[in-house]
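Novice: So you can see what is in the structure, the chains are spelled out below.
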Amino acid sequence: MSTQVIAVDASRVEGRSPSQMAWERLKKDRTAKISATVVFIFIFLSVFAPLFAWLTKDTPNAFHPETLDSAMGALPIGKLGGVSGDHWFGVEPQTGRDLFLRFVYGARTSLSVALAATFVATVVGVVIGLVAGFFGGKIDQVLSRLMEIVLAFPSILFALAITPVLEDFLIGRGLQSGNGTRIPVIIVVLASFGWPYIARIVRGQVISLREREFVDAARALGASKFHLIFKQILPNLWAPILVTVALNIPTMITAEAALTFLGAGVMAPLSDWGAMLLSSVAFYSVDPMFTAIPGFALFFLVLAFNLLGDSVRDALDPKSSR
Amino acid sequence: MMKLGRKTGSVIAAFALCAGVVAAVPSASAASSFAGPAPVVKGATKGGTLNIFDQSDFEHIDPARNYVGGTLDFYRFFTRALLNYRTYEGKTELLPDLAADMGTASEGATVWTFKLRQNVKWEDGSKITCEDIKYGTMRSYADDVLTGGTTYAKDFLQNPGSYKGPYIQPSADLPSIICSPSGDSITYKLSQPVAYFQSIVAYGSFAPIKKSKDTGVNYDNKPFSSGPYKIQTYNRGKDLTLIRNAQWDPTTDPTRWNYPDKIVVKFGADQAVIENGLISDSGLYKTAMSLDTELVSGLSTVVGNAKYKSRFLQYQSPYSRHYLINMDTVTDVNVRKAIQCAIDYNTVILAAGGSNVGSPSNSMIPSSLSNAYRKFDICGRDTSKKPEAQVAAAKDFLSKATVKKTDLTVAFRDKGTEKARASAVGAALEAAGFKVTLKEYPKATYYTAIAVRGAGEPDVIQGSWGYDWAAATGIVLALLDGDTMTKTDAKSNYSRQNDSALQKLFRATDSITDVKKSDKALGDIEQKAIQDLATVVPVYMQVANAIFGSKVGGIQADGGYGTTSPAAAYIKK
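Each protein sequence line maps, in turn, to chains A and B. Going by our numbering, the residue at position 37 of the first sequence is 37; the numbering climbs one at a time, nothing skipped. Going by our numbering, the residue at position 174 of the second sequence is 174; the numbering climbs one at a time, nothing skipped.
It cannot be assumed that every hint is accurate.
[Stated by the list, open to error] Which residues of chain B face chain A? A partial, calculated answer using Cβ under 10 Å:
| # | residue |
| --- | --- |
| 1 | T215 |
| 2 | N221 |
| 3 | G304 |
| 4 | N346 |
| 5 | A420 |
[Claimed, not checked] Computed list of lysine-lysine pairs in BS3-like fashion (alpha-carbon distance at most 30 Å, straight line):
| # | chain 1 | residue 1 | chain 2 | residue 2 |
| --- | --- | --- | --- | --- |
| 6 | B | K405 | B | K386 |
| 7 | B | K386 | A | K57 |
| 8 | B | K262 | B | K127 |
| 9 | A | K57 | B | K395 |
Please keep in mind that the hints were generated in silico from the structure rather than gathered at the bench. From a predicted model like this one, the values you see are computed outputs, not experimental measurements. In this text, a Cβ means the ideal position worked out from N, Cα and C, and glycines have one as well.
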């Protein structure tokens, strides 16, 4: 997308901070507006999922055998997978569970897991990046190699393998089997493959910042290392961190859906888009609506997050765009 | 123990089988029908290639290791055993295969003697001897090398010298198998009376193996053929090609046909790919069928559409789908009864695919076993007429319980519709006031994992069972006998049933050699276990739906193993 030219109004020349300028640029970016709206809609749906359940007097796990045709392979009765006033997106074949509710509750699962994993990855990545970049030398060598090793792992395959192992280990330590254990495990596993992306960017930025005058000045005044890292350098890094976060969220959403699709994700009967996709595979030819809902949901959410991330990057650093 | 969910016993013709074959030794007057060849399949022509598209490779085709329904049917193309099931025009009979008669029992069914056919040949033209048959059984003792397979030989034959198989003890003998000096008969000495021994010797551990051709574990990749076809090539996980075995003489075999010139099995396509290929009837699929793929999503397209009628096969298989309640963890009978009442037969059957996939049942015994099957109420209602959950009754039972266990773990496999069914049960139990965790297990190790006793046992186990032979011994004794359990392993008694009164009844059946009588006694035991102890919630009996190509004829439901069978298949010109 092209960067908007900032109009300079001669009558109102006033000092603006870089963040104000970025916000101005973002507000003028139509892609940003559309994608932000889509993201907002999904967040709205997932936050207010119980409201929809209350409105339709239904739950995402309630079976509706009356909506299925037992003699026809238990497929939904009616057009478009059983779309009706009661079931806005139709019902799931073989169970009759309401697909709209499963969709909004699925958005809840996808978004909360992805956001939590991104948050953990960001905190870990920023700290490690700061430490590696600031101290340099041996510490940087070790941490950088660690990042490269983690990046070299085939993350989905590894996550698929390690999730059940980690879960069994925790259950062996007395935790309950179920989503209460599974979801934190997924978050940790996803985060453990997400942090190097942030750490590398932060490290690079820190290396260029640590020799700057303001850091030298603070150092000359006897500031502690902690102060230098977190009070002097970190505040200058929020722009690249924000961009990485915005681009990390869609990756996490797809990773979570993939993990569930492959069987190591959230456990039934909790709604999840990956799980919906998986169970819809058997019906794509006879009930395409069932596949379309989680498919398009994932597509639009991931696309919106990616475009929003791009726009944020353009706004924060107009020079980096084409 | 049979592989659950895969291996099944007799199907539609189980009735005939039970009454005519298992129950009694056929009289001598039947001897003429024991001669080959098998009766001609109507409309069958020789020639052509039969294509079989499967999702996964056979686990084992080594006769000593094979224990999977579809494979037990298929491997007979190149493996003969003492007796064999023949399904012809809807009727299934157990007939002499390498044996020349149905065997005679003596000493209270602890000694069985079979006459042997002469001039039956291996694929290299050498004669199949009594020693080959004996070696095949001896080889099945080597479970250190040969994993899988039935354990019947080891379970039932006398083994005074603790024989461990020909690999550990190459020069030792198994004296409980005796070949007559002239080699025209074989005698088995059993450690207990086994009235149904004829059904046992149809299994692969009673198939011959030529000692000089025994390649140990590698025999699984190229068994030496005694049947109408031999293996040309076998690329594990990819394809298997069978060609005619010229040494097989149809006059020595009343149980097999060999219409196609060639049989090619291709592995690795998805369920949906095979299903859609067979429905669309295009290219190679015109001459194709599948052993391991049933209609699921395509069922609605095919059912009731006259266009598919000639290539659609629907049959009742003897698979019971049920929920076993763990009596070690759910100790209060009222909680178990609450579970029985809470399960909604409608939602479970719909989750399985609807009325074309299962019909409600009150028992794990198929109604075709008329001596054993009992019609009785579960939770005070006829489940076929009133399949809905009885929530009020469930809550009532739960309030009566002294040990109120309301947190339940429901175990299921990551296979087919199992998750949908488990979700249906979970939702139904929650509606009755339970708190449910669904626990998914990998399919490959499911039945081992759920049988482990100790911490983390599931409370409700989604199970299925098909019998190895058409008698209640293969169902009730296998699934509910508490004496088979060890401290760490529930074996196939997944509900951990060990009620002392019921165990007394079980032990009383041990001495019954008459199948009719034992069926009756075990039917009573099952009813007690379900109605009084609430150990199991039987939900439905499986219905199978298969489709095959328009150029294939002779596809039938096999009565021996309850599978869609290519045994009598031919390619239409």
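Novice: Which earlier hints can't be squared with this structure?
Specialist: When the structure is compared with the hints, numbers 1 and 2 turn out to be violated.
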